[in-house]
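Novice: Line by line, the protein sequences are chains A and B. Residues in the first sequence are numbered consecutively from 1, following this note's numbering. Residues in the second sequence are numbered consecutively from 1, following this note's numbering.
Don't take every hint at face value.
[To be verified] Below, simulated DMTMM-like cross-link-like pairs (lysine to aspartate or glutamate); rule was C-alpha separation at most 25 angstroms, straight line: (1) A:Lys-10 x B:Glu-87; (2) A:Lys-69 x B:Asp-67; (3) A:Lys-10 x B:Asp-67; (4) B:Lys-150 x A:Asp-3; (5) A:Lys-69 x B:Glu-115.
Calculated from the structure, these hints are not laboratory results. Computed from a prediction, not measured in an experiment: that's the story for all the values here.
Chain by chain, the residues run as shown.
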Amino acid sequence: MRDALLIFRKDVRRLWPLVALNGFLFDSVAAGDVATIFNTKTAVPLLFMQLPAILCPLFLIAALIQQEKLTGDRAYWFTRPFSWRNVLAAKLLFAVVLVSLPLLMAQVTALLGTGLSPFAYAGMLLREQVRFFIVPVIEIFALAAVTRGMVEFIWVTLLCMVAQLIGLLIFLTVFNPAEAQDWPRFEWFRSAVLAAFALLFAAAILLLQYAGRRTTLARATLAAAVIALAWARVLAPWHVGFDLARRWSGYAVDPVIGQVSYSPHPNLMHGGACWFERPGTFLFIPIDVKGIPENLAVFSERTAARIETSDGRAWNSGWQAVGQILPSSPGGSCLHKPLSNGPGWLNFNLPRRFRLQPTERLHIRASVAFTLLGPVQTATLPISTHMRWISGVGFCAALVGEPPVVAECIAPLEERAYTVLRTQPPVGPPCSEDLLSNSVMSSGIGIWRFSGGGGTCATQGQIYLDSRQPIAYFERELDISGIRLADLEYQRP
Amino acid sequence: MSHAICTYALEKRFRRTVALGGVDLQVPEGSIYALVGPNGAGKTTAIKVLMNILRPTAGRSEVLSTDSRRLAPRDFAQIGYVSENQEMPEWMTVAYFLNFLRPFYPTWDDALAAELVRQLQLPTDRKLKHLSRGMRMKASLASSLAYRPKLIVLDEPFTGLDALVRDELIEGLLARAEGTTIFISSHDLAEIESFASHIGYLDEGKLRFSEELESLSARFREVVLTFEVPHPLPANLPAAWLQPETTGAVVRFIDSQFDAERTPAGVRQIFPDARDIAANGMPLRSIFVALAKASRHA
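The shape of chain A in the complex, shown without the other chains (with noise of 0.2 angstroms):
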């Protein structure tokens, strides 16, 4: 350990000048962050201090690694008493110590600056600390250890990012694309096996590298990561991030709740409102949710479908990010928001290679992934350009604009909960209702790191927030024999 004291020191002395600069960009970012809160004039100007945020510490990495170079024959510490564990171990400290910690220090500061107790989010905090570490600084110790110098790094660095993309591109193209599109409650589970992956993969070059000095090797290990972390996706299903977080949740929803059935009603309104812009066949199935609790709701993450016909055809949809359950609301509403006991819309895409023929008969099984959701919480947002705390949604303003009002939150590095921006008139029933998206807004350095807005139907009337935390996960089958498609609402292109 003393020895890998003796080399941190070393690394201080030699690098101190980039630790600075990493840590003045940090904080500046950390300003940025309070300064767009209050709404203040440096808030612009901070947030261009992002991009160099982030390429300040894989610069400061990079140059770290190489220090004690790993590739070659000309290195001066490969014939000196140098332990590579004591090598490892100091770049490892210095990481810890003099990136990692400082980003933590500029989080702590930005939400003590906004108002936030650092304890509320000091498990979010390691949280970040942890996805900090592996993802850049492992993969980047890794990257640097494989190459000779700077230049090389930067190179081998965007060769690997556009190999990803290009891997990326063939997965979506060889895959079910539904499976890969945007998860935004369960993201979680795809970037901790993603992280997971590149952890291993870094460990084992590093591992190469330091121990034996096994450069080619080492090589072909980066190449296969980068093939691997394109596919890995496969390995992480979205089902089994659900599948997850209902295990992990440790509530039994009662069977009773939020069960689904068939229920074509005349009077049911049009679920031809919400056409999509979508290849293939939009099928609109009309169902009815009942057994949820009065207080409570249910929010229907995805679906997935088996259609079999009469003559032995069928189609698996896989859990599709489009199918959802949309509730019949005045107007043909399509918003996909949490819902109540009563009629809706299950709806899916089929693809046009299962064509179908509006008289033929259909086995129609769907599974619906339902969020359970506790009490609804209401705020109201005054307008203002002031943004506002409000518990589990974060920080509010709602903006006279185009549309009529526009409201705006973002929130501090934890996802909110389920919330709705609700117009509501003096009179009658709401004039619009929104879902506030959970766009990431992360550079990986500030801490908000979600953000969601939506437009509000009129400047008169009281804007409301009705935000729900969820509290469980479960399933629903919904299994149809017989139907034909000239029963269902239906649009092909």
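Starting from the known structure of chain A, fit chain B onto it as the hints suggest.
Specialist: Chain B only, in chain A's frame:
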């Protein structure tokens, strides 16, 4: 006799290129062993395999009785390695470089380090990147001698250095070499000759010979035969006679197995009409050139 370095059928290939083709080498402890050979002979490769910088393709080697593949930090604490093409931490000053290395060596001698710095006239406050090539080699040498290593390995230390710096390096080396084994690769034979005790000749990855310098010098002689009239070269001369040539009434060759009694008798047998036979001692450089030419014509 125990050996500081031993190799057993050591082989190293770079794809199809054979850099070392089954080298068996023994370096006696306490010797100053010079590994010589033309450029591309495999000297640097051999040293890098010995230092565990490169992995051998076949065979094995031992350094200070340890398999070179298993050389650990504690072994490197007893080995000094100086190479012309080693990358140094160039941002360090000479003083910082020595101070940084000091704690890694249990036997580091501060007084000796200071003396080396003084003797080699190293500017301690100057960064390594601002040093001349000769100064860098001196700094490397000082950092490799200050812990009194049991073995010093030098890879082409004199290449490109002026005569004064070479002398200073050699002086610095020899002054601290008592009881230390020195293994040096070079093609600067004039320098080697002045201090090496043993010599090995490597050519095209093969060790052509390895012996004490004294015995090598003793067995190589330039033999000059003088005749009354111009004399042609006979067809079948002994294989140990290298580069035979005739110029008018004079025949010359290099005897690589010279023996004060047997050689004149052998010459008389083949050249009975030789008027005069002279056997002249040879500088190492001439021996090296003769061997190099002979191996190319073989």
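Novice: Give a verdict on every hint.
Specialist: Hint by hint, here is what the structure shows:
Among the hinted pairs, Lys-10 of chain A with Glu-87 of chain B is consistent with the structure: their alpha-carbon atoms are about 17 angstroms apart, no more than 25 angstroms. For the given pair, Lys-69 of chain A sits about 24 angstroms from Asp-67 of chain B by alpha-carbon distance, which is consistent with the 25 angstroms threshold. For the given pair, Lys-10 of chain A sits about 31 angstroms from Asp-67 of chain B by alpha-carbon distance, which is inconsistent with the 25 angstroms threshold. At roughly 22 angstroms between alpha-carbon atoms, Lys-150 of chain B and Asp-3 of chain A fall within 25 angstroms of each other, so this suggested pair holds.
Between Lys-69 of chain A and Glu-115 of chain B the CA atoms are separated by roughly 31 angstroms; this puts the pair beyond 25 angstroms, and the hint is violated.
Going through the hint list in order, the structure does not satisfy hints 3, 5.
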